[in-house]
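Q: Okay, here's what each chain looks like letter by letter:
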Amino acid sequence: MTPHFGLPEFGFLLRGLQWTVLLTLVAFAGGCTAGLAVALLRTCGHRSVEWITRIYIGIFQGTPLLLQLFVVYYGLALTGLKLDAFAAVAIGFTVNASAFLGEIWRGAIQAVPRGQTEAAMALGLHYSSRMRDIVLPQAIRISLPATIGYLVQLIKGTSLAAIVGFIELARAGQIVSNQTFQPLLVFGVVGAMYFILCWPLSWWGSRMEARLALANQR
Amino acid sequence: GTLEDVKKKGVVVIGIQGDNPPWGYVDSSGKQDGIDADMGRAFAEYLGVKAEFVPLAVANRIPALTTGRVDILFATMAMLPERAKAVQYSKPYVANEITLVAAQATPINSNADMGKYVIGVPRSSTQDTQVTNSAPAGTEIRRFDDDAATIQALLSGQVQAVGANSFYPQRLNAAKPELGFEPKLHFTALYNGACTRLGEKEWNETANKFIDQIKSNGKLAGFYAKWMKAPVPTFPESIPGVPFTAQ
Amino acid sequence: MGYTLDFSVVWHAMPALLWGCVGTLGLALAGMTLAMMIGVAGVAARDSKAAWLRALVIGFVETVRNTPFLVQIFFLFFALPLIGLKLNPTATAIIALGVNGGAYAIEIIRGGVQSIHKGQVEAGYALGLHKGQVFRFIVLKPALRAIYPSLTGQFIMLTLTSSICSAVSAYELTSVAQRIESDTFRSFEVYFFVTFLYLAISWLLMLGFAVVSHRFFSYPTR
Amino acid sequence: MIEMKGVQKWYGGYQALRNVDLTVRRGEKIVLCGPSGSGKSTLIRCINRLEAIQQGSIVVNGHRLDDSIKAIDVVRQDVGMVFQSFNLFPHMTVLQNCTLAPIRARRIGRTEAEATARKYLERVRIGDQAEKYPAQLSGGQQQRVAIARALCMQPKVMLFDEPTSALDPEMVKEVLDTMIGLANDGMTMICVTHEMGFARQVADRVIFMAEGQIIEEGAPDAFFREPQHARTKQFLGEILAHH
Amino acid sequence: MIEMKGVQKWYGGYQALRNVDLTVRRGEKIVLCGPSGSGKSTLIRCINRLEAIQQGSIVVNGHRLDDSIKAIDVVRQDVGMVFQSFNLFPHMTVLQNCTLAPIRARRIGRTEAEATARKYLERVRIGDQAEKYPAQLSGGQQQRVAIARALCMQPKVMLFDEPTSALDPEMVKEVLDTMIGLANDGMTMICVTHEMGFARQVADRVIFMAEGQIIEEGAPDAFFREPQHARTKQFLGEILAHH
Ligand SMILES: Nc1ncnc2c1ncn2[C@@H]1O[C@H](COP(=O)(O)OP(=O)(O)OP(=O)(O)O)[C@@H](O)[C@H]1O
Ligand SMILES: Nc1ncnc2c1ncn2[C@@H]1O[C@H](COP(=O)(O)OP(=O)(O)OP(=O)(O)O)[C@@H](O)[C@H]1O
Ligand SMILES: [Mg+2]
Ligand SMILES: [Mg+2]
Numbered sequence: 001m002t003p004h005f006g007l008p009e010f011g012f013l014l015r016g017l018q019w020t021v022l023l024t025l026v027a028f029a030g031g032c033t034a035g036l037a038v039a040l041l042r043t044c045g046h047r048s049v050e051w052i053t054r055i056y057i058g059i060f061q062g063t064p065l066l067l068q069l070f071v072v073y074y075g076l077a078l079t080g081l082k083l084d085a086f087a088a089v090a091i092g093f094t095v096n097a098s099a100f101l102g103e104i105w106r107g108a109i110q111a112v113p114r115g116q117t118e119a120a121m122a123l124g125l126h127y128s129s130r131m132r133d134i135v136l137p138q139a140i141r142i143s144l145p146a147t148i149g150y151l152v153q154l155i156k157g158t159s160l161a162a163i164v165g166f167i168e169l170a171r172a173g174q175i176v177s178n179q180t181f182q183p184l185l186v187f188g189v190v191g192a193m194y195f196i197l198c199w200p201l202s203w204w205g206s207r208m209e210a211r212l213a214l215a216n217q218r
Numbered sequence: 001g002t003l004e005d006v007k008k009k010g011v012v013v014i015g016i017q018g019d020n021p022p023w024g025y026v027d028s029s030g031k032q033d034g035i036d037a038d039m040g041r042a043f044a045e046y047l048g049v050k051a052e053f054v055p056l057a058v059a060n061r062i063p064a065l066t067t068g069r070v071d072i073l074f075a076t077m078a079m080l081p082e083r084a085k086a087v088q089y090s091k092p093y094v095a096n097e098i099t100l101v102a103a104q105a106t107p108i109n110s111n112a113d114m115g116k117y118v119i120g121v122p123r124s125s126t127q128d129t130q131v132t133n134s135a136p137a138g139t140e141i142r143r144f145d146d147d148a149a150t151i152q153a154l155l156s157g158q159v160q161a162v163g164a165n166s167f168y169p170q171r172l173n174a175a176k177p178e179l180g181f182e183p184k185l186h187f188t189a190l191y192n193g194a195c196t197r198l199g200e201k202e203w204n205e206t207a208n209k210f211i212d213q214i215k216s217n218g219k220l221a222g223f224y225a226k227w228m229k230a231p232v233p234t235f236p237e238s239i240p241g242v243p244f245t246a247q
Numbered sequence: 001m002g003y004t005l006d007f008s009v010v011w012h013a014m015p016a017l018l019w020g021c022v023g024t025l026g027l028a029l030a031g032m033t034l035a036m037m038i039g040v041a042g043v044a045a046r047d048s049k050a051a052w053l054r055a056l057v058i059g060f061v062e063t064v065r066n067t068p069f070l071v072q073i074f075f076l077f078f079a080l081p082l083i084g085l086k087l088n089p090t091a092t093a094i095i096a097l098g099v100n101g102g103a104y105a106i107e108i109i110r111g112g113v114q115s116i117h118k119g120q121v122e123a124g125y126a127l128g129l130h131k132g133q134v135f136r137f138i139v140l141k142p143a144l145r146a147i148y149p150s151l152t153g154q155f156i157m158l159t160l161t162s163s164i165c166s167a168v169s170a171y172e173l174t175s176v177a178q179r180i181e182s183d184t185f186r187s188f189e190v191y192f193f194v195t196f197l198y199l200a201i202s203w204l205l206m207l208g209f210a211v212v213s214h215r216f217f218s219y220p221t222r
Numbered sequence: 001m002i003e004m005k006g007v008q009k010w011y012g013g014y015q016a017l018r019n020v021d022l023t024v025r026r027g028e029k030i031v032l033c034g035p036s037g038s039g040k041s042t043l044i045r046c047i048n049r050l051e052a053i054q055q056g057s058i059v060v061n062g063h064r065l066d067d068s069i070k071a072i073d074v075v076r077q078d079v080g081m082v083f084q085s086f087n088l089f090p091h092m093t094v095l096q097n098c099t100l101a102p103i104r105a106r107r108i109g110r111t112e113a114e115a116t117a118r119k120y121l122e123r124v125r126i127g128d129q130a131e132k133y134p135a136q137l138s139g140g141q142q143q144r145v146a147i148a149r150a151l152c153m154q155p156k157v158m159l160f161d162e163p164t165s166a167l168d169p170e171m172v173k174e175v176l177d178t179m180i181g182l183a184n185d186g187m188t189m190i191c192v193t194h195e196m197g198f199a200r201q202v203a204d205r206v207i208f209m210a211e212g213q214i215i216e217e218g219a220p221d222a223f224f225r226e227p228q229h230a231r232t233k234q235f236l237g238e239i240l241a242h243h
Numbered sequence: 001m002i003e004m005k006g007v008q009k010w011y012g013g014y015q016a017l018r019n020v021d022l023t024v025r026r027g028e029k030i031v032l033c034g035p036s037g038s039g040k041s042t043l044i045r046c047i048n049r050l051e052a053i054q055q056g057s058i059v060v061n062g063h064r065l066d067d068s069i070k071a072i073d074v075v076r077q078d079v080g081m082v083f084q085s086f087n088l089f090p091h092m093t094v095l096q097n098c099t100l101a102p103i104r105a106r107r108i109g110r111t112e113a114e115a116t117a118r119k120y121l122e123r124v125r126i127g128d129q130a131e132k133y134p135a136q137l138s139g140g141q142q143q144r145v146a147i148a149r150a151l152c153m154q155p156k157v158m159l160f161d162e163p164t165s166a167l168d169p170e171m172v173k174e175v176l177d178t179m180i181g182l183a184n185d186g187m188t189m190i191c192v193t194h195e196m197g198f199a200r201q202v203a204d205r206v207i208f209m210a211e212g213q214i215i216e217e218g219a220p221d222a223f224f225r226e227p228q229h230a231r232t233k234q235f236l237g238e239i240l241a242h243h
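First to last, the sequence lines map onto chains A, B, C, D and E.
So in this note's numbering, spot 55 of the first sequence is number 55, and the numbers just go up one at a time.
So in this note's numbering, spot 75 of the second sequence is number 75, and the numbers just go up one at a time.
So in this note's numbering, spot 204 of the third sequence is number 204, and the numbers just go up one at a time.
So in this note's numbering, spot 51 of the fourth sequence is number 51, and the numbers just go up one at a time.
So in this note's numbering, spot 78 of the fifth sequence is number 78, and the numbers just go up one at a time.
Errors might be hidden in some of the hints.
[As the list claims (entries may be wrong)] Residues of chain D clear of chain E, computed beta-carbon distances all greater than 10 Å:
| # | residue |
| --- | --- |
| 1 | P35 |
| 2 | H63 |
| 3 | T116 |
| 4 | E211 |
| 5 | I239 |
[Said to hold, decoys possible] Below 35 Å or equal to it, Euclidean Cα-Cα: the simulated DSBU-like pairs (lysine-lysine) are:
| # | chain 1 | residue 1 | chain 2 | residue 2 |
| --- | --- | --- | --- | --- |
| 6 | E | K132 | C | K118 |
| 7 | E | K132 | D | K233 |
| 8 | E | K119 | C | K141 |
| 9 | B | K31 | B | K9 |
Note that these hints are calculated values from the structure, not bench results.
Since this is a predicted model, take the numbers as computed values, not measurements.
Think of the CB as a built atom: it goes at the ideal place given N, C-alpha and C, for glycine as much as any other residue.
Could you build all of it, start to finish, from the sequences and the hints given here?
A: If you want it as structure tokens, here you go:
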């Protein structure tokens with residue numbers, strides 16, 4: 001009845017880890033796409049559009065992700081749009097990520113010196129070329145550390161998908177802990193797994209940040 | 001969807017608990033197991049479709065049903081009048097006893113004694129309702145997300161007693177036999193039923209017919225022997241405030 | 001499906017929900033205070049001469065930043081009793097929030113100190129000020145001003161993170177909401193409204209931060 | 001070539017240009033000077049519509065600048081601009097800096113664009129640096145790349161906004177020499193600068209601005225020898241005092 | 001007043017000062033010039049111990065600079081420094097900038113410190129700006145505040161590191177005038193600058209550095225008229241070419 005924490009349990013956690021990775025990838029891909037749109041709208045120059053985007057960002061940054069998932073999961077179901085849990089979570093994470101990434105990238109776009117845009121305009125380049133060839137490549141470089149930082153948040157945030165029934169890493173940990181009565185060991189292993197997933201990213205991010213800071217000093 | 005939709009799709013979506021052995025839990029190989037899982041599989045077989053399990057946290061069971069995310073709940077749903085206002089119960093298929101469990105050394109002999117201790121319960125569970133109603137005013141009741149955290153809280157000493165179902169002692173003693181966990185107070189005997197949405201007659205009738213069938217053909221006795229190590233008890237003909245059939 | 005929205009349950013539960021807001025704000029503010037203390041102490045330790053102390057701080061920061069809050073708070077709640085430290089859920093929650101926020105604060109404050117132009121520090125030394133005086137009078141205020149947005153942003157996140165403290169039965173808005181939901185089964189209405197309450201809390205906090213910023217950090221820059 | 005008439009420009013409540021009239025003939029070289037904040041940058045930025053004007057008209061090479069995207073496009077392709085702070089694109093090599101606009105805006109093929117770019121890079125004596133990134137060049141080299149980049153669009157007019165003032169003293173000369181070469185080739189130029197040696201050497205006219213207005217103008221010799229206005233005298237006095 | 005003997009300074013493996021000897025008498029005014037990277041800043045930063053030296057000795061006003069905090073303290077109170085980029089404290093008003101060090105380092109009372117500060121602010125003709133923040137001032141005004149701030153510590157020597165090179169041309173004069181005033185009052189000064197007019201007017205000696213060494217020195221007239229070294233000639237040629 002009460003197995004000890006052994007290989008099968010470890011395997012179970014690993015399967016949870018797979019879900020964590022998958023959810024992260026989906027959320028990040030969705031968030032990047034939508035976030036780019038948010039960032040562009042937020043810097044488009046039309047007062048009203050910028051304000052609407054700003055409120056959108058404010059709402060999703062100002063409420064817990066946990067509750068956003070609840071509302072998406074139950075709220076969309078009420079409108080008759082009955083998505084499976086995966087789609088609901090994907091939408092929830094995407095929307096949340098788009099707000100955070102949108103804000104990060106807005107900052108980066110605005111951090112590209114104004115002279116760059118002016119030089120591009122003076123050369124007769126249009127908005128699409130200015131963004132694609134001049135501003136975004138530089139903005140992405142500037143925003144990379146923050147973007148990676150957010151990716152780490154996202155990985156950790158996927159633990160909240162448990163509330164709509166996903167057995168991802170954190171939930172798997174709870175289940176195993178409940179079966180084995182070894183919470184410290186189990187949460188230790190779970191924590192270590194998150195750490196192994198996140199730490200290389202964090203490390204990469206801070207290295208990038210240090211390099212950028214160095215480049216800016218010059 | 002409707003019963004017809006389900007049959008057409010060939011899959012019935014069943015809400016179940018994911019981490020509450022031996023009722024409903026996911027085992028280490030990722031398979032849904034427990035007495036509720038066996039019930040669910042038997043039900044799917046009865047319909048002639050495949051079973052798809054959605055593991056739900058305690059607090060999500062009813063919303064998942066009412067918003068149509070699952071077709072039916074076999075999810076340790078105790079039959080309580082206030083819940084019957086939100087969901088349609090079937091006839092009972094399993095019995096459960098709600099008690100207050102503490103270590104042997106903890107002297108609790110009456111409801112009034114609960115006031116001296118910190119009591120843990122899983123939030124929004126039957127235990128929560130029972131302990132909240134029986135404990136003297138001012139008792140410190142801590143509510144956790146699920147049975148797992150509640151049991152953990154008792155084991156780690158964060159609480160001194162927990163509102164328990166029939167299986168808590170067994171699991172607590174497996175973890176720390178030296179403390180000799182035992183039921184101190186008996187609150188109520190409860191019966192669990194399958195849940196469908198209110199007003200959906202067809203689902204309710206089907207569930208009842210299914211339960212009648214496994215009671216008579218010995219299948220339920222098999223589940224009981226496997227999970228409860230006990231014979232099937234006699235179920236009441238009616239429970240006040242909890243209709244078994246859709247009006 | 002026949003589900004009609006009914007927000008009256010939310011209305012009836014209003015007092016309880018508002019008390020939940022108070023609980024959340026209390027946890028958040030206490031957590032921020034602790035986080036700030038850990039942050040400042042951590043920055044000092046991070047640049048100390050003792051290698052072991054630096055390694056300790058780095059290890060602490062990396063561990064906290066790379067594991068989920070849920071795992072951290074579980075660990076604190078179930079592990080601290082093993083060493084005989086049995087804290088109530090509120091204390092656990094505050095410590096968990098403080099430790100989590102503190103790790104981020106260390107990095108943010110450090111960035112702020114580093115962002116101060118070297119010339120400022122040199123000008124201080126050239127005027128005959130000592131190391132401590134240079135930090136207190138010349139570095140601190142501009143550094144705090146530089147990091148104010150990220151620090152307060154992190155504190156807003158901390159406030160939202162406190163919703164996870166319901167997992168160890170701490171008293172705050174989400175746990176209140178879950179109680180109400182389980183009494184009424186009106187999940188969507190309750191969660192929708194509670195989401196709105198969080199929005200109000202975080203916007204209120206932002207307003208507060210803006211006022212503080214205006215009061216203490218409003219000197220003109222180019 | 002360029003005709004500004006009654007141009008008025010406000011930044012919010014602040015009037016940066018007051019009723020400016022200016023005509024520049026083809027091939028003419030104009031040097032614009034004046035105290036800081038007098039509106040020199042604003043004036044030349046209006047010519048290629050980096051700033052919109054509120055009143056008056058600007059006609060460049062026969063095209064009247066209005067709000068239409070088309071007019072702006074045509075004018076920007078005819079007008080090259082060099083900034084004080086170079087504004088090279090740091091993530092592109094020198095060659096890419098020079099070919100981007102011809103390829104994207106003029107829709108010229110890459111091979112042709114690169115050939116043109118190399119020609120102009122040679123012209124500013126920096127042909128061997130084509131594969132480097134801006135950060136790998138000295139300030140003077142960067143500014144010459146910026147000039148080549150503008151030339152690659154084969155503009156009819158070149159605008160310079162204090163092209164040497166961000167340079168170390170030792171590098172000023174190489175940039176000025178490049179500009180003198182350009183002037184000798186007959187390019188129409190408007191140049192904001194305080195390099196009075198340069199003004200003497202190439203300018204057809206020196207224009208002095210103060211407080212958003214053109215105060216005085218004249219051939220360099222006359223302008224420096226006997227400035228008419230008190231404001232001009234004061235300014236020239238300060239500029240030349242400690243040289 | 002200042003005596004440097006056999007000073008050697010390394011940044012890691014790079015030697016920034018090579019065997020520098022320099023004696024400055026009380027009241028003497030020295031102008032230091034030389035190409036970028038030649039070690040001018042490094043030299044004067046060693047004098048108030050913003051940089052530590054690896055070999056040689058520096059004696060300032062009778063105090064030998066060693067690693068002791070006390071020696072550093074005494075010397076820093078005797079030596080005022082003005083930086084190229086002003087380095088005013090942005091979160092303090094002009095007056096607070098000027099009183100901070102007297103109050104904290106010299107432990108003078110606030111009233112007295114403010115009186116002194118106002119005196120020196122008047123002296124640099126900026127007394128009416130005392131309540132403003134640095135960001136609200138022009139570059140020239142900021143630099144004058146920086147000078148006043150240094151003077152408030154009543155130093156015996158003033159070091160200037162290219163005090164005018166971050167300024168717009170029009171503002172250079174006001175700062176140079178302030179420095180000339182200071183020189184005429186008899187302050188001992190070491191000044192890194194390329195303002196040759198200033199050097200001619202006030203310097204007792206001009207010192208030319210290259211590659212971490214003092215190459216040549218002399219009275220300004222002789223120095224500019226007939227520099228001895230090829231390196232000096234080349235440098236002066238470039239500096240003076242387009243003026
Ligand atoms: N984007 C802007 N918003 C508001 N005011 C501006 C803006 N750009 C310039 N100004 C103001 O317009 C006036 C003219 O500015 P402009 O840059 O044209 O001066 P300038 O003659 O080029 O000076 P400088 O020699 O310092 O470059 C200045 O007072 C300036 O403060
Ligand atoms: N902190 C440092 N670390 C390493 N090298 C340095 C440092 N500071 C200066 N150097 C090097 O020492 C040399 C002398 O620098 P210094 O700043 O004294 O030159 P400078 O004569 O003042 O030049 P400039 O006219 O550009 O200010 C240069 O080659 C410089 O790169
Ligand atoms: Mg300008
Ligand atoms: Mg220097």
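Q: All the hints need checking, so say for each whether the structure fits it.
A: Going through the hints against the structure:
1. P35: It is violated; P35 (chain D) is separated from chain E by about 6 Å at its closest Cβ, not greater than 10 Å.
2. H63: holds (35 Å)
3. T116: holds (31 Å)
4. E211: The claim stands: E211 (chain D) keeps its Cβ more than 10 Å from every Cβ of chain E (closest is about 14 Å).
5. I239: Violated: least Cβ distance 6 Å, not greater than 10 Å.
6. E:K132 / C:K118: holds (23 Å)
7. E:K132 / D:K233: The given pair, whose Cα atoms are some 31 Å apart, holds under the 35 Å limit.
8. E:K119 / C:K141: holds (28 Å)
9. B:K31 / B:K9: holds (22 Å)
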